[in-house]
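Chemist: Given chain W, work out where chain X should sit, using these hints.
The listed protein sequences derive, respectively, from chains W and X.
Count along the first sequence from 1, add 71, and you get the number used in my numbering.
Position 335, counted from 1, in the second sequence is what my numbering calls 330; the numbers after and before it change by one each time, with no gaps.
Do not take every clue at face value.
Stated by the list, open to error - Derived list of chain W stretches under chain X, where covered just means 3 residues or more per stretch with a C-beta under 8 angstroms from a C-beta of chain X: (1) 89 to 95; (2) 120 to 134.
What the hints assert, rightly or not - Here are the simulated DSS-like cross-link-like pairs (lysine-lysine), alpha carbons at most 30 angstroms apart as the crow flies: (3) X/Lys346 - W/Lys176; (4) W/Lys232 - X/Lys277; (5) X/Lys299 - W/Lys224; (6) W/Lys220 - X/Lys39; (7) X/Lys274 - W/Lys210; (8) X/Lys299 - X/Lys274; (9) W/Lys224 - X/Lys39; (10) X/Lys274 - W/Lys176; (11) W/Lys191 - W/Lys249; (12) W/Lys154 - X/Lys346; (13) W/Lys157 - X/Lys346; (14) W/Lys151 - X/Lys299.
Simulated from the structure, these hints should not be mistaken for lab results.
Just so it is clear, CB atoms sit at the ideal spot from N, CA and C, and this is done for glycine as well.
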Amino acid sequence: MTEEIIIAGFGGQGVLSMGKILAYSGVMQNKEVSWMPSYGPEMRGGTANVTVIVSDERISSPILNSFDTAIILNQQSLDKFEKAVKPGGLLIYDPNGLTRLPERKDINIYSIAAADEASKLGLSKIFNMIVLGGFLKLKPLVQPEYIHKGLEKSLPARHHKLIPENEKAIDIGKSLIKAVHLIN
Amino acid sequence: MGELRLMKGNEAVAEAAIRAGCDGYFGYPITPQSEVMEYLMAEKPHERTGMVVLQAESETASINMLYGAAGTGKMVMTSSSSPGISLMQEGISYMAGAELPAVIVNVVRGGPGLGTIQPSQADYFQAVKGGGHGDYKMIVLAPASVQEMCDHVKLAFELAFKYRTPAMILSDGAIGQMMEKVVLFDPIPRRTEAELISQNPWAATGKPKTREHIIITSLDLDPAGQERVNLKLQAKYRKIQENEVLYETLGVDDAEYLFVAFGLSARICQKSMDLARAKGIKVGLFRPITLFPFPEKQMNAIGKKVKGMLVVEMNAGQMIEDVKLSVGCSIKIEHFGRFGGIIPTPDEVVKALETQIIGG
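Isolated chain X, as found in the complex:
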């Protein structure tokens, strides 16, 4: 078993990046995720693994440093919270267009605008539907525990490189700030230059005489060429949809009703499930772990077994659209949410199930 620690979610992200063999982190401080860079600065990973940690002058600079470094095939990561992630959207779209792997961590806070520094899930649409311009998708992972904050960093790097696409970890202020037991995976050594070059023939690693220039760009002024780029991207997204879906179910075998929730909301729903079952309500939980790819088929299958679903989110109703697209209109699907940094309590979720789904 790996090393056991009590850590904040943000610290777990930072430690996991070092252990995953990350080459560079570029970031700019913002609550509630500042501990990511604080931990990295204190830990001095340059001395441990040679990893670079750099405070950029802004989020726009961070994402463009990421873009440049990713182009050389390096394993790179940034983290921010909602307003900072909004500033990064142009760079994310460019990276998706140029097919570059990178990990972007969003520890979401309440919005819109500067909003609040308390936890929220209101950036679901931005993460899943493409916050930047153009037809692109990011792989989006939604950790629900500090353990997953750690494990998802490793997974996000694996998927980002497997598909040459940016991957996002969509967390929230509560999971970033809370401490839980975490079992750290054993450190993976950073790739050597030779390994990097052989594993990533697409990367701009310096031109030897034996090959042509490598050009990394998201620009193709010829519409036919740009359409080919788009077709290639769409084929890649279909492959991701087919192969990389992750989800978790709890208490679904005898369930008449279902909570659908991701991240922190899913943790709250687990408690609500216990409270509801104590009252004799047979309710289960479906937790998408990948938000893109969304577990469409699995949701559709479970939709045939239950009478109704309550989608619980810390937003005004975002993932519910994907739930409805997956399940269809045959059963009642309603949303319950709190916004702006308010976290729903397990009791109010049970009450919402009773009033909106069972009695509604």
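Chain W with its partners taken away, still in its complex shape:
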């Protein structure tokens, strides 16, 4: 099993940390992982993206031009990465702020209104964990106990009291995600 994922959105949405928590959870479950962020001038344009690979085998290139899954959190990222999803792959988006929805017919498309939900709950910081929950519902790459360990490893000790809240957000995401277009 190898899952190649791009997570893309605005800086500040927790794109990089979502990727890190997923990757660290993979490490705790004894998978091979890589986490390759955009950095430098790309970041300064306001967009942030990270390529995460979780695999049972040694990982070859950490840099990819097509992905099994794209998690899309803003319009620029949809424009850039919709075409990069492999045929038969998965695209997850948050409709908040999108002016154009995905159009591909050869991939599975799901929507998750995580931004709305996080703001309803007054917990904008766990927005990214709601999205991660949605993804894990569709692709249970790592088991909840390892997500817990991944959170422990990724978050500084002073934030460990927030782990239950993060786990709750993941559960919310699992029930919030809904299919928009399925290929079969």
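Modeler: The following block gives chain X in isolation, referenced to the frame of chain W:
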């Protein structure tokens, strides 16, 4: 098994230095390697092992602090990225001339000049052919993963002290910035003063009454003396060439074609190999791990088994010169590269193999 962590390449370099028993780090911040010193400052190794971490006023100062500390037999390291490494060349040449061990990490970014902060491999010539003046070589290691960023620090220190010569880790912005699983080796205690003195009789550790002064210099105004220094250095480099070559091959047993690549490019080529093999193209990968010593004999041997080679580098064609010198002109050897911070994609590497080598 050692401790398991998810780390950036730059962080792995820093943690590995502490664990290798490094005595001192001197550096100056520059993207994309600033996490090396950031990690060290946050980790406060002075409290863990007594290791000194110092931000110098410039790269020129860093390398000269390294020069001074190395002269006392201490295990010392600096890191920088391309423009900063250019500033260090004088000091590196002096250290090679004075036969001093040290580890220098170059997390390469696109050049020339200030260039860009994105990853590149355009400092191959500078690292391997001697970026400073005079006939000298550095041992050059090319990690292709975060695990190797960690392991190569330990290896670089071992080789630097074994041969009393500066060793460089030639990485790039992507390997520095990306996170991967890494198994950290168990910490090695820093050497005591007594161990340092007994293991490094050449080091300037303070003169007891029982011996003469130790003079460490790269200056000898007598040409005959300076020629002897050069002959000694060349003999040492030949010994390194004979004994320390490291490389990795993948899928070469049935290969008709070969990718040759180091560092990040080799990782990309692994993916390209899978894509090409899915199309029925029998291609393997040769990855030099030591760039000096270059795996000359091994490349020559494999050159007799394949029809053609594509040398993939994030530069305009540098390592290809060493590949051609090793293999000769009997088969087709071409270069494919992207420059200035652009990373080639696995697809375009396959296309280059098809057009430049197979169909070319």
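Chemist: Compare the structure with each hint and give your call.
Modeler: Against the structure, the hints:
Under a criterion of three residues with beta carbons nearer than 8 angstroms to beta carbons of chain X, the stated coverage of the segment 89 to 95 of chain W is upheld, 3 such residues being counted. Check on the segment 120 to 134 of chain W: 5 of its residues sit with their Cβ under 8 angstroms from a Cβ of chain X, so the three-residue criterion for coverage holds. Between the alpha carbons of X/Lys346 and W/Lys176 the distance comes to roughly 27 angstroms, so the proposed pair stays at or under 30 angstroms and holds. Between the alpha carbons of W/Lys232 and X/Lys277 the distance comes to roughly 53 angstroms, so the proposed pair goes past 30 angstroms and is violated.
Distance hint between X/Lys299 and W/Lys224 is unfulfilled; the C-alpha atoms sit about 49 angstroms from each other, more than 30 angstroms. Of the pairs offered as hints, the one joining W/Lys220 and X/Lys39 holds, with about 26 angstroms between alpha carbons and a cut-off of 30 angstroms not exceeded. For the given pair, X/Lys274 sits about 28 angstroms from W/Lys210 by alpha-carbon distance, which is consistent with the 30 angstroms threshold. Restraint check: the Cα-Cα separation between X/Lys299 and X/Lys274 comes to about 24 angstroms, which is no more than 30 angstroms; the hinted pair holds.
Restraint check: the Cα-Cα separation between W/Lys224 and X/Lys39 comes to about 20 angstroms, which is no more than 30 angstroms; the hinted pair holds. Only pairs whose Cα atoms come within 30 angstroms are accepted, and X/Lys274 paired with W/Lys176 is accepted, the gap being roughly 26 angstroms. A C-alpha spacing of about 18 angstroms is found between W/Lys191 and W/Lys249, which places the hinted pair at or below 30 angstroms, so the restraint holds. Note on W/Lys154 and X/Lys346: the hinted pairing holds, with a Cα-Cα distance of about 20 angstroms set against a maximum of 30 angstroms.
With a C-alpha separation of about 18 angstroms, the suggested pair W/Lys157 and X/Lys346 falls inside the 30 angstroms cut-off, and the hint holds. Annotation: proposed proximity of W/Lys151 to X/Lys299 is violated, straight-line Cα distance about 44 angstroms (limit 30 angstroms).
Checked against the numbered hints above, the structure violates hints 4, 5 and 14; every other hint is satisfied.
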